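Trainee: Spelled out, the chains give:
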Amino acid sequence: MSDRDTIIRVEEVTKRYGKVTAVDRVTLEIPRGEFFALLGPSGCGKTTLLRMLAGFEMPSEGKIFIDGVDMSTIPPNKRPVNMVFQSYAVFPHMTVFENVAYGLKFDNVAKADQYGRVMAALADVKLDHLAERKPDQMSGGQRQRVALARALVKKPKVLLLDEPLSALDAKLREAMRFELAELQDKVGITFVMVTHDQDEALAMAGRCAVMDRGKLMQTATPSNLYEFPANKFVADFIGSVNLFEGTLEVDEPDHAIVQSEELGGRIFFDHGVSGAGGEKMWVGIRPEKIELLKREEGSTPPTPEDAPSGCNVTAGIVRQISYLGSESIYEIDLINGRRMQVSRPNLSRWDQEDFTWDDEVWLRWHGDSPVLLQS
Amino acid sequence: MAKKVARAPLDYLNMPAMKAWLAGVFVFLYTPLIILILFSFNDSKANVVWKGFTLKWYVKAFENTQLREALLNSLLIAGVCTIISVVLGALMAFAFWRFKFPFKGPLESGMSLPIVVPEICFGVAVLMFFAKIGFPNDLPYPFNLTQIILAHVTFAFPFVAIVVRARLESFNSELEAAALDLGATRYQAFRDVIIPHMKPGLIAGGLLAFTLSLDDFVITFFASGPGTITFPVKVYSMVRFSVTPEVNAASTIIILITVIATVLALRAQSATTKES
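Residue numbers (our numbering), protein chains in the order written: chain A, 1 to 375; chain B, 1 to 276.
Among the clues, some could well be false.
To be verified - Label pairs and their calculated CB-CB ranges:
no. : chain 1 : residue 1 : chain 2 : residue 2 : range
1   : A       : Gln-320   : B       : Leu-10    : 47 to 53 Å
2   : B       : Met-15    : A       : Arg-349   : 56 to 62 Å
3   : B       : Phe-99    : A       : Arg-319   : 55 to 61 Å
4   : A       : Ala-123   : B       : Lys-100   : 41 to 47 Å
5   : B       : Leu-13    : A       : Glu-353   : 54 to 60 Å
Said to hold, decoys possible - Every beta carbon over 12 Å from chain B, so not counted as near; a handful from chain A, in silico:
no. : residue
6   : Val-125
7   : Gly-141
8   : Asp-162
9   : Met-176
10  : Asn-224
11  : Glu-331
12  : Pro-345
13  : Gln-352
Source of the hints: derived by calculation from the structure; they are not laboratory data.
Model, not experiment: these values are computed from the prediction.
Backbone N, C-alpha and C fix where the C-beta goes; we use that ideal spot for every residue, glycine too.
Whenever a hint applies, use it, and build me the whole structure from the sequences.
Mentor: Written as structure tokens, this is what we have:
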């Protein structure tokens with residue numbers, strides 16, 4: 001028996017299709033009531049994992065427990081989970097009401113109670129005024145709400161969402177993010193969402209599992225994924241990052257230094273790292289954690305106060321600028337030819353005019369900004 | 001002077017030549033039918049000159065017991081054949097769509113064999129088959145139609161299967177998964193989700209089977225026993241002597257029946273396709 005507060009336990013689950021391993025020994029626990037996201041590029045196995053939770057696929061090895069019950073022999077129609085499909089899969093020949101009521105037929109819900117429960121579920125997704133509509137008279141966003149109501153009306157222990165926002169246009173997608181999070185708060189059901197869109201996962205989920213090529217890379221809160229990625233893949237997949245290969249030169253309890261040929265200099269950490277000296281490692285620095293400064297001919301590098309001289313400052317030339325309104329992204333060529341990305345918020349209305357193409361700049365960052373990645 | 005609007009490159013219908021061509025096609029297609037219908041109202045025994053309007057040929061056709069019997073037989077055969085063909089065709093289409101099994105490819109191509117085999121060969125084959133197994137030739141009405149019905153089903157149900165198979169290609173398998181996810185068993189999901197999706201195909205296929213059976217001559221000719229006659233066979237035997245306006249009248253009724261059936265089927269189909 002698992003912990004009372006764990007609703008889903010995935011134990012060493014592997015799924016193979018012939019020679020292809022879609023999911024590779026994944027172990028995962030999801031607490032009751034959490035909004036959980038499975039995140040990864042297409043083909044990483046996240047959808048296969050979700051389909052195994054729903055019962056459409058069976059693990060080749062390993063076990064899945066839902067609310068403490070082994071799901072190995074339980075078919076989809078007997079599982080305490082419901083799913084919102086990527087295509088929404090709203091039944092086209094039924095009205096909205098009939099769609100939502102469909103699942104209740106199998107739950108021995110008295111006819112008299114069905115009406116109330118369907119209308120309550122439709123009210124939860126703000127569709128109670130369209131109960132008699134046919135799906136072909138509705139927008140994609142409305143159809144998605146039907147799919148949500150149809151799943152939630154069954155009061156499942158877990159709601160599975162397969163790429164719930166991928167088919168919506170940008171504005172609606174953003175509105176739906178908040179709405180889904182609010183809905184989850186309201187109904188208190190555990191949500192497990194699959195997405196390839198990191199923004200979506202970071203914005204909605206309480207915790208995310210990042211997958212790559214069938215393997216679980218890291219499970220953490222959105223901010224921990226972003227600020228403390230476990231490896232190169234996570235650092236690169238979540239947001240943007242400048243990655244440099246290097247070797248650990250100094251590793252003291254209160255500081256560490258990595259020598260990087262790629263950067264053409266040393267990178268200073270204001271905290272100790274646990275790594276073997278002399279080994280090949282990677283350093284990741286997020287674009288927004290780098291400061292851009294004007295570089296005059298013959299000026300000295302403006303070393304950050306916390307870093308030793310010659311560390312965490314490097315020279316470059318602005319090559320590309322993407323003006324995005326709220327921020328600007330600068331592509332900068334370092335002296336040794338390596339390209340680096342720096343983002344800069346446009347805090348005042350003239351900030352984007354500070355730097356232009358071919359400007360000579362210093363890039364500077366603090367000792368707590370970079371992260372050391374062993375793999 | 002009217003302003004001359006330039007024609008867009010793909011705007012073919014604005015070309016006078018194209019319009020004329022289109023009109024020509026319609027004339028070519030429908031003139032024989034229109035003449036047939038017109039002369040069924042002609043007050044003359046010869047099918048050549050218009051002598052005035054009459055309904056007497058319709059009365060005469062109705063009073064012809066043999067013709068009436070043949071028409072009734074044909075409708076009965078077509079009805080039963082449609083029902084059996086739709087069920088068999090739908091099951092076959094579903095099997096080919098859903099399952100993987102050995103020799104599926106050759107079997108699927110073989111499905112259309114009754115369509116491509118010349119009717120005359122098929123008719124001979126049917127005749128030989130019934131003779132070989134000693135199928136009773138003296139069953140009472142309506143069982144004396146069994147041979148014809150069986151023969152018709154054999155060539156009609158592949159048409160249903162092909163139409164339904166094509167329809168199933170557009171099925172979103174997530175719909176079935178959704179039904180299972182909501183608690184339906186596999187059978188319930190089939191009944192509640194897959195069959196409604198197949199419906200336009202079933203209707204179109206059924207209509208095809210109905211009309212194929214109704215107007216089949218060659219195979220029926222070989223499969224029918226001595227005492228059984230169908231409408232096309234009867235018309236053929238009447239025409240052998242002379243094409244009387246009575247035949248025109250009877251044919252017009254058949255055309256009417258098929259047109260009505262088609263319109264009904266198309267309406268049912270558009271009602272269901274609009275949903276998906």
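Trainee: Take the hints in turn and mark each one as holding or not.
Mentor: Here is how each hint holds up against the structure:
1. A:Gln-320 x B:Leu-10: 47 to 53 Å: violated, 42 Å
2. B:Met-15 x A:Arg-349: 56 to 62 Å: holds, 58 Å
3. B:Phe-99 x A:Arg-319: 55 to 61 Å: holds, 58 Å
4. A:Ala-123 x B:Lys-100: 41 to 47 Å: holds, 45 Å
5. B:Leu-13 x A:Glu-353: 54 to 60 Å: Taking Cβ atoms as reference, B:Leu-13 and A:Glu-353 lie about 57 Å apart, which means the hint holds.
6. Val-125: holds, 16 Å
7. Gly-141: It holds; A:Gly-141 is separated from chain B by about 18 Å at its closest Cβ, greater than 12 Å.
8. Asp-162: With a cut-off of 12 Å, A:Asp-162 comes too close to chain B, as the shortest Cβ separation is near 9 Å.
9. Met-176: Holds: least Cβ distance 19 Å, greater than 12 Å.
10. Asn-224: holds, 32 Å
11. Glu-331: At roughly 41 Å from the nearest Cβ of chain B, A:Glu-331 sits farther out than 12 Å, so the non-interface label holds.
12. Pro-345: Correct as stated: the minimum Cβ-Cβ distance to chain B is 42 Å, above 12 Å.
13. Gln-352: holds, 45 Å
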